[in-house]
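Residue strings, one per chain:
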Amino acid sequence: MQIETDNEIRDLSLEVISNKQLTPSINVIVLHAPEVASRFKAGQFMEIKVNDSLFPLLRRPFSIHRVVGEQIEIMSKVVGIGTKILYSLKAGEKLQTLAPLGNTFGYDKDDFDLGVLISGGIGVAPMVMLEETLRARSKDVLNIVGARTAEELVTRYLTNVHLATDDGTAGFKGNVISLFSEILPSLKGKRLRVFACGPNPMLNALSKFCNAQEIPCEVSIESTMGCGIGICYGCPVRIKHSDGTIHNKLLCQYGSVIDAREILFDE
Amino acid sequence: MLTTQLTEIRPASISLGRGLDLKNPVLLASGTVSYGEELSKLTDLSKLGGIVTKAISLEVREGNLPQRIVETPAGMLNAIGLANVGVEKFIEEKMPFLRAQQFHTVVNIVGKSVDDYCEVVRRLEDVEGISGYEINLSCPNVKGECIIFGVDERATFEITSELRKCTNRHLMIKLTPNVTSIATIALAAERGGADSVSLINTVVGMAVNYKTRKPMLKNVTGGLSGPAIKPIALAKVWEVYNAVKIPIVGMGGITNFEDAMEFFLVGASAVQVGTMNFVSPNIGATVAEQIEHYFSTEKGTTFKNFIGSFEI
Chain A
247 MQIETDNEIR DLSLEVISNK QLTPSINVIV LHAPEVASRF KAGQFMEIKV
297 NDSLFPLLRR PFSIHRVVGE QIEIMSKVVG IGTKILYSLK AGEKLQTLAP
347 LGNTFGYDKD DFDLGVLISG GIGVAPMVML EETLRARSKD VLNIVGARTA
397 EELVTRYLTN VHLATDDGTA GFKGNVISLF SEILPSLKGK RLRVFACGPN
447 PMLNALSKFC NAQEIPCEVS IESTMGCGIG ICYGCPVRIK HSDGTIHNKL
497 LCQYGSVIDA REILFDE
Chain B
189 MLTTQLTEIR PASISLGRGL DLKNPVLLAS GTVSYGEELS KLTDLSKLGG
239 IVTKAISLEV REGNLPQRIV ETPAGMLNAI GLANVGVEKF IEEKMPFLRA
289 QQFHTVVNIV GKSVDDYCEV VRRLEDVEGI SGYEINLSCP NVKGECIIFG
339 VDERATFEIT SELRKCTNRH LMIKLTPNVT SIATIALAAE RGGADSVSLI
389 NTVVGMAVNY KTRKPMLKNV TGGLSGPAIK PIALAKVWEV YNAVKIPIVG
439 MGGITNFEDA MEFFLVGASA VQVGTMNFVS PNIGATVAEQ IEHYFSTEKG
489 TTFKNFIGSF EI
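Just so you know, the sequences run in chain order A and B.
Add 246 to the 1-based position in the first sequence for our numbering, that's all there is to it.
Add 188 to the 1-based position in the second sequence for our numbering, that's all there is to it.
No lab work stands behind these hints, which were simulated from the structure alone.
Hints may contain errors.
Unchecked claim - Some chain A residues near chain B, calculated using beta-carbon distances under 8 Å:
#, residue
1, Gly-480
2, Lys-486
3, Gly-490
4, His-493
5, Asp-512
Unchecked claim - Listed next, the stretches of chain B that the computed footprint assigns to chain A, with coverage defined by at least 3 CB atoms under 8 Å from CB atoms of chain A:
#, region
6, 214-222
7, 262-274
8, 466-477
Stated by the list, open to error - Here are some chain B residues pointing at chain A (derived, C-beta under 8 Å):
#, residue
9, Leu-253
10, Pro-254
11, Ile-257
12, Gly-393
13, Gly-414
14, Glu-499
Glycine is no exception: its CB is placed at the ideal position from the N, C-alpha and C atoms.
With the rest of the complex left out, here is chain A (with noise of 0.2 Å):
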């Protein structure tokens, strides 16, 4: 969507350097990356292949948590087989990787002066990348994070974090739209663009009281991938464009991050 990357993809067996467990279900991998890292920009994402076998057989998509020097840093949460596989992944290990992938958040745009990030889950992986990038670009970084609860947040090198939970046992009780519309009087005459990532039902509401507040708002969707290179047409994305037509886009090169006021979510 926003900026054009040097998208040279290369497939690469790339080292496991440390695999940390975070929480019961959430873990960081450090991978050994000396001819892509440096080429990550905030919002793109990597395919990775968990094992050498045939089950599971497709590699799965994951955001670019952090990079740092020649080693990137995966977050990822257990949700299905592979997920799993990665979880108790040991260092030395392999992984066969394809990146980088995706288009950018929109982090170089001049129309805001206050980046606010708002995650909800796993969605929290790519923030700590952009906030980085905004810092870097003399940005203000707001950071919302949501869960469900207190023991499945991660808000781990963010600063100025304002935390949401579901049941309330961190933060505001609720979800993280509620708390920013709380939060919103407090940033009047301040220039602000959303940047999201979390699950669909997440992004979409928030997509839709950004686009009634007029704030700008890109959202990185989460869609189910099956080569993250445009040629399985297995993750497409209803798209509304200027002129009123929709079409349907591959997340995987339309995205996955797009303008909250372009995409349309399934209902």
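Given chain A's structure and the hints, the job is docking chain B onto it.
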């Protein structure tokens, strides 16, 4: 350029008839390579015999709404719904890239009626850079369309004979395994004038969620592909090999050189690599190289002699 490459004597070159002379017997399957350009950035497509494009219809198609794919054990279900740019845009936007390549382009064609299929062929017939057509009579994901031809012997014969009148190019009929007797359908295609048959298309399957009580795919059912269907594909290729004289292009779950060799053994003259392209963009080129290496070093057999040399 393409012609000079193909007339070279190579260890596993094969002619499928009517000008579809492959430098090696590996094609990439329709619906798994788009129109070639994306994969060309990740692999050397010139190492392949050719590619089969995503299905082209007369009109542009948006395809099904999500969810379109579901992973299953050693395979995946898809219900893409034949999303494609339509024949005119294909000629204008996709053919310039394909025409410049060092591999054969076979265009997969889909339609709602015999006239539809013939019209697409007519529009492509004078377009340079196309080596043949794979006729999709077997997509299981669009109701009341191509599959209604592919499950019926008479309809398969009729559409093949009509298409035969429209083209002098190679005509490959793609068959569905979702029939009682695939050999009967293959024979009908042969009688109708097909130059080859390709098989198998995907196997109809379903994935459901007992908690939400909903199907996983928007289309409810989908087509199963990947290594999970290889045993079915091998049995169907063997069955068809014992029925027809025209060449067979085998596919279904090929993940490596050994899988491809199994298809040649039971009667395929060429193979298509499909779902594995999603996992490993370089797989087709790797398999092609290994086949060529095998038949250039293995004494006592040639590629042509190996085809169908299955011993029971």
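Tested hints:
Because the beta carbon of Gly-480 (chain A) sits about 4 Å from the nearest beta carbon in chain B, less than 8 Å, this interface hint is met. Taking 8 Å as the C-beta cut-off, the interface hint given for Lys-486 (chain A) is violated, the closest approach to chain B being about 13 Å. Below 8 Å, beta-carbon pairs count as interface contacts, and Gly-490 (chain A) has none with chain B, the closest being about 16 Å; its hint is therefore violated. For the restraint placing His-493 (chain A) at the interface with chain B, the shortest Cβ-Cβ distance is roughly 7 Å, inside the 8 Å limit, so the hint holds.
Because the closest C-beta pair between Asp-512 (chain A) and chain B is about 6 Å apart, less than 8 Å, the hint holds. Against chain A, the region 214-222 of chain B contributes 4 residues with a C-beta closer than 8 Å to a partner C-beta. That satisfies the three-residue criterion, and the hint holds. For the region 262-274 of chain B, the proposed coverage by chain A is satisfied: 6 residues have a C-beta within less than 8 Å of a C-beta in that chain, meeting the threshold of three. Chain A is given as covering the region 466-477 of chain B, and this holds because 5 residues of the stretch bring a CB closer than 8 Å to a CB of that chain, at least three being needed.
Annotation: Leu-253 (chain B) was flagged as interfacial toward chain A, and the flag holds, the nearest CB pair being 7 Å apart, inside 8 Å. Taking 8 Å as the C-beta cut-off, the interface hint given for Pro-254 (chain B) holds, the closest approach to chain A being about 5 Å. With a least beta-carbon distance of about 4 Å to chain A, the hint placing Ile-257 (chain B) at the interface is held under the 8 Å criterion. Restraint check, Gly-393 (chain B) versus chain A: the minimum CB separation of about 14 Å is more than 8 Å; hint violated.
A least Cβ separation of about 6 Å between Gly-414 (chain B) and chain A falls short of the 8 Å threshold, and the interface hint therefore holds. At about 28 Å, the closest approach between the beta carbon of Glu-499 (chain B) and any beta carbon in chain A exceeds 8 Å, and the interface hint on this residue is violated.
The structure fails hints 2, 3, 12, 14 (numbered hints given earlier, in ascending order).
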